[in-house]
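J.: Residue-level listing of the chains:
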Amino acid sequence: MTLLARLDEAKVARRQQPLITFNGATLRLGGKTIIENLDLAVRPGEFLCIVGASGCGKTTALRLAAGLYRPSGGAVTFDGQPMLEPRREVAIVFQDYGKALLPWRTAAGNISLALEACGIPVRERPGRIAELLRKVGLPGHAEKYPAEMSGGMQQRLQIARCLAQEPTTLLMDEPFGALDAMTRQGLQDEVLSLTAASNTTVVFVTHDLDEAIYLGDRVIGLLPHPGRIGIELDVNLSRPRDQLATREHPEFLRLRRQLFDFIKATEH
Amino acid sequence: MIWRIASFAVAAGFVGLWQLIADLKLISPVFLPGPDRAWTALMRGFATGDLTGKLIGTLEHMAYGWLAASVAGIALGALIGSSRLMRIYIAPSLEFLRPLPVSAIIPVAIAMLGLTQGMALFVIAFGAIWPIMLATIHGFAAVEPRLYEVARALQMSRPAIVFKIALPSALPDILAGMRLSLTVALILSVVCEVLAGLDGLGHWVLLSARAFRSADLFAGVILLGATGYVTSIAMSLAERRLLAWQSTR
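Protein sequence lines, in the order shown, are assigned to chains A and B. The working numbering puts the first residue of the first sequence at 1, with every later residue one more than the last. The working numbering puts the first residue of the second sequence at 1, with every later residue one more than the last.
Since the hints were made in silico from the structure, they are not lab data. All C-beta atoms in this analysis are idealised placements derived from N, C-alpha and C, irrespective of residue type, glycine included. Treat each hint with caution, since some may be false.
[Said to hold, decoys possible] In the EDC-like style, the derived pairs of lysine to aspartate or glutamate whose C-alpha atoms are separated by at most 16 Å in a straight line are:
#1 K264/A to E190/A
#2 K135/A to E174/A
#3 K99/A to E239/B
#4 K99/A to E144/B
#5 K99/A to E174/A
[To be verified] Derived CB-CB ranges, DEER-like:
#6 G80/A to Q155/B: 17 to 23 Å
#7 T33/A to A244/B: 43 to 49 Å
#8 R98/B to Q17/A: 42 to 48 Å
#9 L115/B to R70/A: 55 to 61 Å
#10 D217/A to L243/B: 19 to 25 Å
#11 E85/A to L67/B: 35 to 41 Å
#12 L29/A to P92/B: 18 to 24 Å
#13 L29/A to T116/B: 24 to 30 Å
#14 L244/A to A244/B: 23 to 29 Å
[Unchecked claim] Which bits of chain A does chain B cover? Going by a derived footprint, with three or more residues having C-beta under 8 Å, they are:
#15 84-96
#16 236-250
Turn these sequences into a full structure, and let the hints guide you.
T.: So this is what it looks like as structure tokens:
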């Protein structure tokens with residue numbers, strides 16, 4: 001075997017290695033076990049959705065993956081390395097966009113915050129900012145303050161700031177939970193096309209089961225007290241997904257039924 | 001606009017009333033000059049340059065003391081406010097020192113520093129630091145925790161977090177504290193000038209009163225009032241400029 005072929009093989013093997021792994025990850029906070037013995041592997045380029053009843057630790061799992069928490073037991077790794085601190089290639093989209101944006105900076109200034117942190121030279125920033133605003137559908141809003149924008153626009157802005165980090169992985173914590181149904185569907189499709197174009201790995205936490213199936217390659221349902229995996233579903237629906245056709249597909253309805261039954265069972 | 005005209009009318013009414021009382025000699029002219037005499041004294045003071053020098057003296061005391069208080073107050077406030085442990089340990093001591101009347105420490109300051117400019121600077125800064133420091137502590141303690149997580153996710157450096165997140169977030173509180181301190185600094189400038197005989201409007205007012213030059217006395221008082229008013233307006237303008245983003249809420 002030639003060296004090149006061997007290198008190629010190594011590359012393929014690397015690509016198939018999971019990007020994020022939870023190995024028996026446990027998290028205790030203030031004497032309470034929030035997550036216990038969680039085993040999970042997220043493949044590169046995968047869109048993984050996590051659902052579960054409230055208090056099942058889905059947000060906590062995401063914060064572990066982000067490096068915002070350190071596991072009390074077991075390990076969480078990213079690209080083979082223990083995830084002990086946040087890293088720039090992993091971006092987090094918080095649910096409360098109103099709190100995650102700097103109210104004293106304009107839309108352009110908020111995106112600039114990420115560019116500054118990444119050490120992008122001043123003269124390159126305006127071009128990048130314009131490009132990112134266009135990507136998330138906010139061209140012409142560069143000089144607006146967050147308070148002058150609707151909820152949907154603010155969440156788009158937060159997504160743009162996360163994309164400014166040029167992340168390989170996007171962690172999204174109920175990002176559309178506070179938005180109205182129409183805005184929500186628009187943003188779902190935009191996130192799908194943005195992440196597909198850049199082959200970004202996504203872990204998406206939501207309490208909306210339809211949303212999870214619509215977006216994900218795989219859906220994981222957590223059981224509460226303490227959080228652990230209760231169900232795992234592969235979503236074999238063709239992409240690109242369509243708000244009407246996908247949601248009417250028999251497979252979608254079958255998965256939906258299965259997931260609803262699971263959640264109902266956990267609530268008792 | 002109507003309200004502004006109305007407020008000017010009220011002010012003019014008070015001046016008219018003052019003139020009336022002076023003209024009727026309800027209070028002896030030795031103690032109460034009319035606005036006309038006070039105005040003449042004010043103009044004469046500026047013409048000879050006597051009053052100008054005193055005004056500059058007071059403005060200097062006020063500005064140096066206030067700036068020293070601002071720098072120290074913001075630095076200490078940031079240090080204490082950004083750490084929960086520091087707040088727990090230091091806050092009780094601050095609560096003991098804060099209500100201490102500054103006039104009580106003036107004798108101490110005079111004993112240690114003498115009747116000097118340094119004493120005045122210390123006393124003014126000591127009095128003016130509290131509103132700024134306490135506002136800064138509050139501002140730093142109230143920074144949205146989510147923003148610190150955003151900073152962590154971006155791996156921002158510690159100075160970057162302070163200057164790009166904590167300080168701008170605390171700025172409305174800090175400016176409110178600085179505005180309160182401005183008045184404190186003016187009051188203490190006058191007190192120090194009176195007590196230590198330092199060049200300034202306080203000294204002018206004291207000497208005028210002792211010499212029964214009531215018109216000069218009132219000219220000094222009017223100038224002190226104007227100083228307070230103008231600095232407060234300047235502060236409002238600065239606040240409006242620095243906090244332009246708040247008007248969009």
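J.: If a hint holds in the structure, say so; if it doesn't, say that too.
T.: Each hint tested on the structure:
1. Between K264/A and E190/A the alpha-carbon distance is near 30 Å, which puts this suggested pair outside the 16 Å criterion.
2. Proposed proximity of K135/A and E174/A is contradicted: the alpha carbons are some 21 Å apart, above 16 Å.
3. Distance restraint check for K99/A and E239/B: the Cα-Cα separation of roughly 23 Å exceeds the 16 Å cut-off, and the hinted pair is therefore not satisfied.
4. Distance check on the hinted pair: K99/A and E144/B sit about 7 Å apart at the alpha-carbon level, within 16 Å; holds.
5. For the suggested pair K99/A and E174/A, the alpha carbons sit about 14 Å apart, so the restraint of at most 16 Å is met.
6. G80/A and Q155/B have their C-beta atoms about 19 Å apart, which keeps the hinted 17 to 23 Å range intact.
7. In this structure, T33/A and A244/B meet the distance hint of 43 to 49 Å, their C-beta atoms being roughly 48 Å apart.
8. For the pair R98/B and Q17/A, the beta carbons lie near 59 Å from each other, so the given range of 42 to 48 Å is not met.
9. Between L115/B and R70/A the C-beta distance comes to about 60 Å, which sits within the given range of 55 to 61 Å.
10. Distance hint for D217/A and L243/B: a CB-CB separation of about 46 Å, inconsistent with the stated range 19 to 25 Å.
11. Checked against the hint of 35 to 41 Å, the pair E85/A and L67/B passes, with Cβ atoms roughly 39 Å apart.
12. Checking the proposed 18 to 24 Å range against L29/A and P92/B shows it is violated: the Cβ atoms sit about 29 Å from each other.
13. For L29/A paired with T116/B, a C-beta distance near 57 Å fails the hint of 24 to 30 Å.
14. Against the hinted window of 23 to 29 Å, the Cβ-Cβ separation of L244/A and A244/B comes to about 45 Å, which falls outside the hint.
15. Restraint check on the stretch 84-96 of chain A versus chain B: 9 residues with Cβ-Cβ distances below 8 Å, three needed, restraint holds.
16. Only residues whose C-beta sits within less than 8 Å of a C-beta in chain B count toward coverage, and the stretch 236-250 of chain A has 0 of them, not enough to reach three; the restraint is violated.
When held up to the earlier numbered hints, the structure conflicts with 1, 2, 3, 8, 10, 12, 13, 14 and 16 and fits the remainder.
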